[in-house]
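Residue numbers (this note's numbering), protein chains in the order written: chain A, 60 to 495; chain R, 8 to 182; chain B, 3 to 900.
Worth flagging that the hints you see were computed from the coordinates, not collected in a lab.
For glycine and all other residues, C-beta sits at the position ideal for the given N, C-alpha and C.
Treat the hints with care, as some may be off.
The calculated lysine-lysine pairs, modelled on PhoX-like cross-linking and capped at a C-alpha distance of 25 Å, are [as the list claims (entries may be wrong)]:
1) LYS134(B) to LYS444(A)
2) LYS311(A) to LYS152(R)
3) LYS55(R) to LYS67(B)
4) LYS77(R) to LYS311(A)
5) LYS639(B) to LYS253(A)
6) LYS77(R) to LYS204(A)
7) LYS12(R) to LYS55(R)
8) LYS444(A) to LYS94(B)
9) LYS444(A) to LYS590(B)
10) LYS48(B) to LYS253(A)
11) LYS246(B) to LYS246(A)
12) LYS246(A) to LYS94(B)
13) LYS413(B) to LYS253(A)
14) LYS412(B) to LYS246(A)
15) LYS77(R) to LYS246(A)
For the chain B half of the interface with chain A, some residues (derived, Cβ under 8 Å), not all of them [claimed, not checked]:
16) LEU59
17) VAL89
18) ALA92
19) ARG132
20) THR182
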Amino acid sequence: MPQYEKILLKNMEQPGYSGSLQDYERTGGYQALRKVLKGISPADVTDIVKNSGLRGRGGAGFPTGVKWSFVPKDHPGPKYLCCNADESEPGTFKDRQLMERDPHQLLEGMVLTCYAIGAQTGYIYIRGEFRLGATILERAIEEAKQAGYIGQNVLGSGLTANIYVHAGAGAYICGEETALLESLEGKRGMPRFKPPFPATHGLYQQPTVVNNVETLANIPHIVTRGAEWFASIGAPPRSTGTRIFCLSGHVKWPGNYEVPMGITFRELIFENGGGMRSDSKKLKGIIPGGASAAFFTEEHLDVKLDFESVAQAGSMLGSGGVTVMEEGTSMVWAAMRLMEFFYHESCGKCTPCREGSSWLLQTLQRIWARRGRAEDLDMLLDLCKNIEGRTICAFGDAEVAPVVSTLRYWRNEYEELIREAEVTRPAKGEIPVFTH
Amino acid sequence: MLLEKHQELITELLSRYPVKRSALLPLLNLAQREEGYVSEAAMKEIAKILDLTPPQVYETATFYTMLNLKPIGKFHIQICKSIMCGLVGSDDLIQWLQNRLGIRVGQTTGDRLFTLSAVECLGSCGTAPMMQINDDYYEQLTAEKVGRVLEDLRREGTSPLKSGPFMFPQPAGSR
Amino acid sequence: MANQESDKFVTITVDGITARVPPGTLVIEAARQIGVMIPHFCYHPKLAPDANCRMCLVEIEKIPKLQTSCSTPVAEGMVVKSSVPNVEEARKSVLEFILANHPLDCPVCDQGGRCDLQDFSHEYTPTTGRFKELKRIFPKEYFSPLIETQMNRCIQCLRCVRYCDQVMDVQALAPSGRGTMTEIKHFSIHELDCEFCGGCVQICPVGAITSRLSMYDFRPWMLKRADTICTYCGDGCQITIQTKDNELIEVNSTHGAGRNNGDLCPRGYFGYHASVHADRLNHPLIRQQDGTYAEVTWEDALELIAERFSQIKLAHGADAFGGLITSRCTNEELYLFQKFMRVVLGTNRIDSSARYGHINGIQALRRVQGTHRWTVTYEDIVAADTLLLVGTNITETNPITGLKVKEAVKKQGAALITIESLLPIRGTISNITTLASHHVPVHPDYFGLAVLGLIKSVLEQGLATASLSERAPTFVQSIRSAVGKVPWETVERHLGLGRDTFVEAARTFSQAKRVIILAGQGVLRAPQGSDVVTNLLDLLILTGHHGRPGCGLGTLAEENNDQGAVEMGAVAEYLPGPSELGDQTARKNLSKIWGDEIPQSPGATLMDMLEEARTGRLKAMFIVGENPVATLPPQAKVEESLDGLEFLVCQELFLTETAKRAHVVLPACSYAEKDGTFTNTEGCVQSVRRAMEPIGESRPDWEVFSALSLLMGNPIEYGEAKEIFKEIRSAISGYGLLGPSATPPRIKDEVVDRYLQEGFKTDVEVRYAFEQENTQPDEMLTLASVQSLFHSGKFSTRAKGLLQIQASGFLNVNPVDATRLGLADGDPVRLSNTRGEATTKVKLLDRVPVGVAFFPEHFDQNIRGLFSLETDPQTRVPYFKLTRVRVDRMQEEIPGKG
Ligand SMILES: Cc1cc2nc3c(=O)[nH]c(=O)nc-3n(C[C@H](O)[C@H](O)[C@H](O)COP(=O)(O)O)c2cc1C
Ligand code: SF4
Ligand code: FES
């Protein structure tokens, strides 16, 4: 397996590393914070992050430093930092590892970010299912507080940075940043329309930055080792640094791989992931960036894993979840399974997303049950067109991606099922009766 | 009554937020941990604590799928049915579980020990198939392993097979 | 709002038409102004944009994706296209998505014919649909006795939920679940418990929430509409009564119309059946020897009255008559009644229900600032930056004025100071104190003391305006010395609140720019009502707010036309205007218009008339729509007074306790059957329009007065109500215009000056003195007779809709008291004091203060017997709303004790 220098997973992969404050300090933890508090201004920290080229790891890939700079400097009221630890995008499981194994790395990143944007409070919005992660974080916060890294008057510098864990309770949409804010305010997690953006009107209508766990975990390293160092890793200038790709599906060695951006899917899947689960089966499809990303085929194996390349090839790097599917996997089934997810998770705010997801799912289920009709395929595409770009949040675009892309590459599989519908009459019990 | 029992914790929770309503999910989660589900009485009490009307608590509670508004079994088995787990056999496991427990997805066993749910992705796709039982994750499941977990739970109320802090793949020599 | 801001405009082009609109205007509104209607579901001008339905998408130049016009504010030079193919196609698809799950049960849907979804589908979609899957189906669930949901029809725009929260501040509707299966519920499976304002029914763009009172009874196009004014409180809401074949079907209101701007309360929305109750009197009645009533013709009844009235006048003189009229009548009727009494019978012995409290406020306003009306409007309430509410419980007494307060606080961020007896505990009936930035919780006896505390704090903190000490040094000095005589310990002993409570409130109040004070029934109907209002005006003067634009004091009227009753001169002390009885100019002017003399002898108020009747001085009374027997407590001995009369005429809708003692009973029309005008609490004169033919042989009150005058040989004749209004217009300046007064009455500076120099002196010591001692024994509760949100007087207890929400009275007590007294929800209790006892049931309510119990005044007449009766020495207002009682659980009902 090729070795790359790891940044985020490096500590935790040391034998015996427990993630305790002691361990973290031993590996140079909280030095970045000390360095900054000794005399780097918040604006300079923001500039360092800007210059590092770091882009958000949560899905949209927005330049982090730029996002921070949108926060008004002279705002009279409180400002907030929210760490997006909702990690619910199917195929993604990196934040969980970062939190459970090296919580202080994230905490230090958060305190630094609070300092940079002038927030006195940071919330870690963690998906409710991650009980273990939440407990570990709570414990780490307590440790850091005792040690003076968190709380009132951090390290005697006068900085206030309170950090709290806030657990969700089961709703994928709460990973969308404005839904996250609504949820944090104790409401239903329904996204807000934008503008205004969280940077000016976020939590409690105050300026707020929302960043992903992995994004924030990078901050101490960037501060310690410098913007140039970070900007030289990966595929500069647009995709700097490493990313943790979450490999799943039909591969030999699934799991989290931290690699510099810009390696190819082939390298990730075949060199890191050990290739296909079953040597006799060829790769058929890839979901390149979590459930919301359009499918790739084996023809895309040499596409580079950086923001631009994946976008150019017609999908997105998204959350870094790479799912591999082998020959024999039905792509209609795959699209249907994903649609079940989207139907289940649509918050229901926007008409096209809400009604579209149930319509798309019913149609896919019908086709899968050999009850498809010739006109279904064009209608599916038409419905997708009517959802895409017409909703408040990107969920609408996400839910059509699997349908559109599987129809693009494997339309024949759909047609085959529809043809079967014409010749077979499934027995009664076989037809799924849709239950909303 | 939540407040009576957890006065200190609730005060601490409330102190975390400038707006009371923010403590709603934490309190609902607490209520569920307390009784296994969120009862109407709990929702009313939470409404009172947070200066909300009961419908405001209810609308929030019904949005989140982890919150059970009806009593469920002692062990809530939530097995992932999303595509990543689906690719590596979760459907078979669900079938197996249904047979083993003698219930269908969505049901609770007669002894009120197990409730079986099939849920969407829980963030363990690299160690699929997986399930969550109450607070704990169980990963890289096989029928045999699930069987052992069920036995453990029945006997001990807990199982050593549950996951610890996540790291996968394990780097060579890390343990 | 600053002037420079309103000078700024931005230019926007919609579909080629250019307009200049204020910055911040939403594109959808800008388009509307230009005349382009952008279809929408979730948008409503009253609500914060939510942009959920995606129906209003438009193309905006330079922005790649379509944008929702409901949530996008205009920007300079913005070019919007709303009828390009791209947009049309998006609309079509949104409708297609909505229709996918919407049942096509239009033929039986109450919304059919006035449904946005029908209209837009008609306009934008093809006739055939592509959706061939299963529609979403919710099991039918019972929602409430008055409001019904049909969730299959719901399009999830959440307008109802947002209205309930943002406008009403009620938060009783919960969207539950998520995705397509989101369903509007209350709390779990429980039936709806809320204010029942009907707002959700009205704001639903489809037929998902409907009124059960009219369910399946009509098709909208069959209905005849009449825009009129509600009679259930002084707010003066415009309602549209809809009838089918002279049958009352439903009541609605319209956004943008009326002082209520389309909002209503349960009384307005669900209370309309009172008018058509089966007990309505259909014929004139004459009492027979044996005490029974015989139905007679109008001729017989009127002739008998004319004859008896003439005989009595001959035998005993004009002042043997007394007249009492309800302020639920129209201005025209009130005016004509007093004219009849004064001109035809020749007496000033007239009173109306304004006597029960409204007059207290009027007298204070006249005294201090020379007006009898508010000098501010509802718009000023909304624009205020600080509001002070004293003894209002505004949600239940004047719900729509309450909405203006809520709007000021919730949308404009105004500070709210409440001196109320409610505790700030939230429930699904709104509670204004939960919105307060400064809440002073006081027992209902001590509103006056709390006002004193506030003034004391203002003076102590040196917050009184400096210039006042020059303008009126003795005024400031006298008040300072008077409040100085009430030490904080006294305040603390009675209110349980000391100096600290008032510090912030006094500061906020003093430093505000636009301040409004609202005084409610808790002040007006309690001892020293007029004094407390005067003190509140002093507070405005002291802080320099008095006379400043947008600042002022308003009193909240309980009955719809309390204000009109006073202005029409239907009270003992005033001629129309109102002008003092002894005002020579006014008398001259009036006698010219009337062509008749105005009686010289002094008037007599209600309590005085009853007294005179008892002593035999008063021989006959003409009572129109009032029911003093049931209103006043037994110590008033109303029955005795009335039974002693030689002749009693009652003009009524129902055979009330009072009417049952009359010699002749005349059937009157309800507001729904007549034309005229009402003047609301804010001083806005509005048209009342006939919505249906009179029930039975009932006639509008004014017609009866006119007919009687004819028979008595002193004809005052009018062809229709409008002609009376014409005369009112010449008799009272200011009645030239209908509708909201464009310029509210101005404070008369010379009156204020006179008050500040001399006027205040007469009673400043008394007004600021506090002598009451807290004599409430521990085991007793203060019992307050209060108004319920669901009823108004006794009239509404005939409305079947309202009875379904509240059919009887309960004793509301705080759980703390309940525990102390060993009471549980629903327990039967005996209330007792030296005056007697009564029984009722207990209902626990968190917001009731400890040591206090509330009972709705509309029910259980036996409770009246417990109240004390006290008549104001100055304003002759009878006070009978407070008492102290022992509350005991009734033993016989306790199961299995011992
Ligand atoms: C439907 C949806 C789900 C999302 N879920 C997540 C998530 O689970 N975790 C996350 O970090 N970002 C998620 N995002 C992205 C966030 O909205 C946001 O872009 C991100 O948290 C910003 O952080 P970053 O700039 O550090 O990436 C989601 C976005 C959408 C539209
Ligand atoms: S696009 Fe879907 S998930 Fe996003 S806000 Fe709209 S309805 Fe909710
Ligand atoms: S009206 Fe604009 S999205 Fe509904």
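Here is what the structure says about each hint:
1. Only pairs whose Cα atoms come within 25 Å are accepted, and LYS134(B) paired with LYS444(A) is accepted, the gap being roughly 19 Å.
2. For the given pair, LYS311(A) sits about 20 Å from LYS152(R) by alpha-carbon distance, which is consistent with the 25 Å threshold.
3. Under the criterion of a C-alpha separation no larger than 25 Å, the hint pairing LYS55(R) with LYS67(B) is inconsistent with the structure, at around 44 Å.
4. The hinted pair formed by LYS77(R) and LYS311(A) fails the criterion: a straight-line CA distance of about 41 Å is larger than 25 Å.
5. Between LYS639(B) and LYS253(A) the alpha-carbon distance is near 68 Å, which puts this suggested pair outside the 25 Å criterion.
6. Taken as a hint, the LYS77(R) and LYS204(A) pair is broken in the structure, with Cα atoms around 39 Å apart against an allowance of 25 Å.
7. A threshold of 25 Å between alpha carbons decides the hint, and for LYS12(R) with LYS55(R) the separation of about 16 Å falls inside it, so the pair holds.
8. A C-alpha spacing of about 13 Å is found between LYS444(A) and LYS94(B), which places the hinted pair at or below 25 Å, so the restraint holds.
9. For a cut-off of 25 Å, the pair hint linking LYS444(A) to LYS590(B) is broken: about 81 Å separates their Cα positions.
10. Distance check on the hinted pair: LYS48(B) and LYS253(A) sit about 20 Å apart at the alpha-carbon level, within 25 Å; holds.
11. The suggested pairing of LYS246(B) with LYS246(A) is violated, with an alpha-carbon distance near 44 Å, which exceeds 25 Å.
12. For the proposed pair LYS246(A) and LYS94(B), the alpha carbon gap of about 32 Å is over 25 Å, so the pair is violated.
13. Proximity of LYS413(B) to LYS253(A) is assessed by CA-CA distance (about 20 Å); at most 25 Å being required, the pair is judged to hold.
14. Of the pairs offered as hints, the one joining LYS412(B) and LYS246(A) holds, with about 18 Å between alpha carbons and a cut-off of 25 Å not exceeded.
15. Distance restraint check for LYS77(R) and LYS246(A): the Cα-Cα separation of roughly 21 Å lies within the 25 Å cut-off, and the hinted pair is therefore satisfied.
16. Taken as an interface hint, LEU59(B) checks out: its beta carbon lies about 7 Å from the nearest beta carbon of chain A, inside 8 Å.
17. At a threshold of 8 Å, the smallest CB-CB gap from VAL89(B) to chain A is about 11 Å, leaving the interface hint violated.
18. Using the Cβ-Cβ criterion of 8 Å, the hint placing ALA92(B) at the interface with chain A is satisfied: the shortest such distance is roughly 6 Å.
19. The restraint placing ARG132(B) at the interface with chain A holds, with a minimum CB-CB distance near 6 Å, inside the 8 Å limit.
20. The criterion of a C-beta within 8 Å of any C-beta in chain A is met by THR182(B), whose closest approach is roughly 5 Å, and the hint holds.
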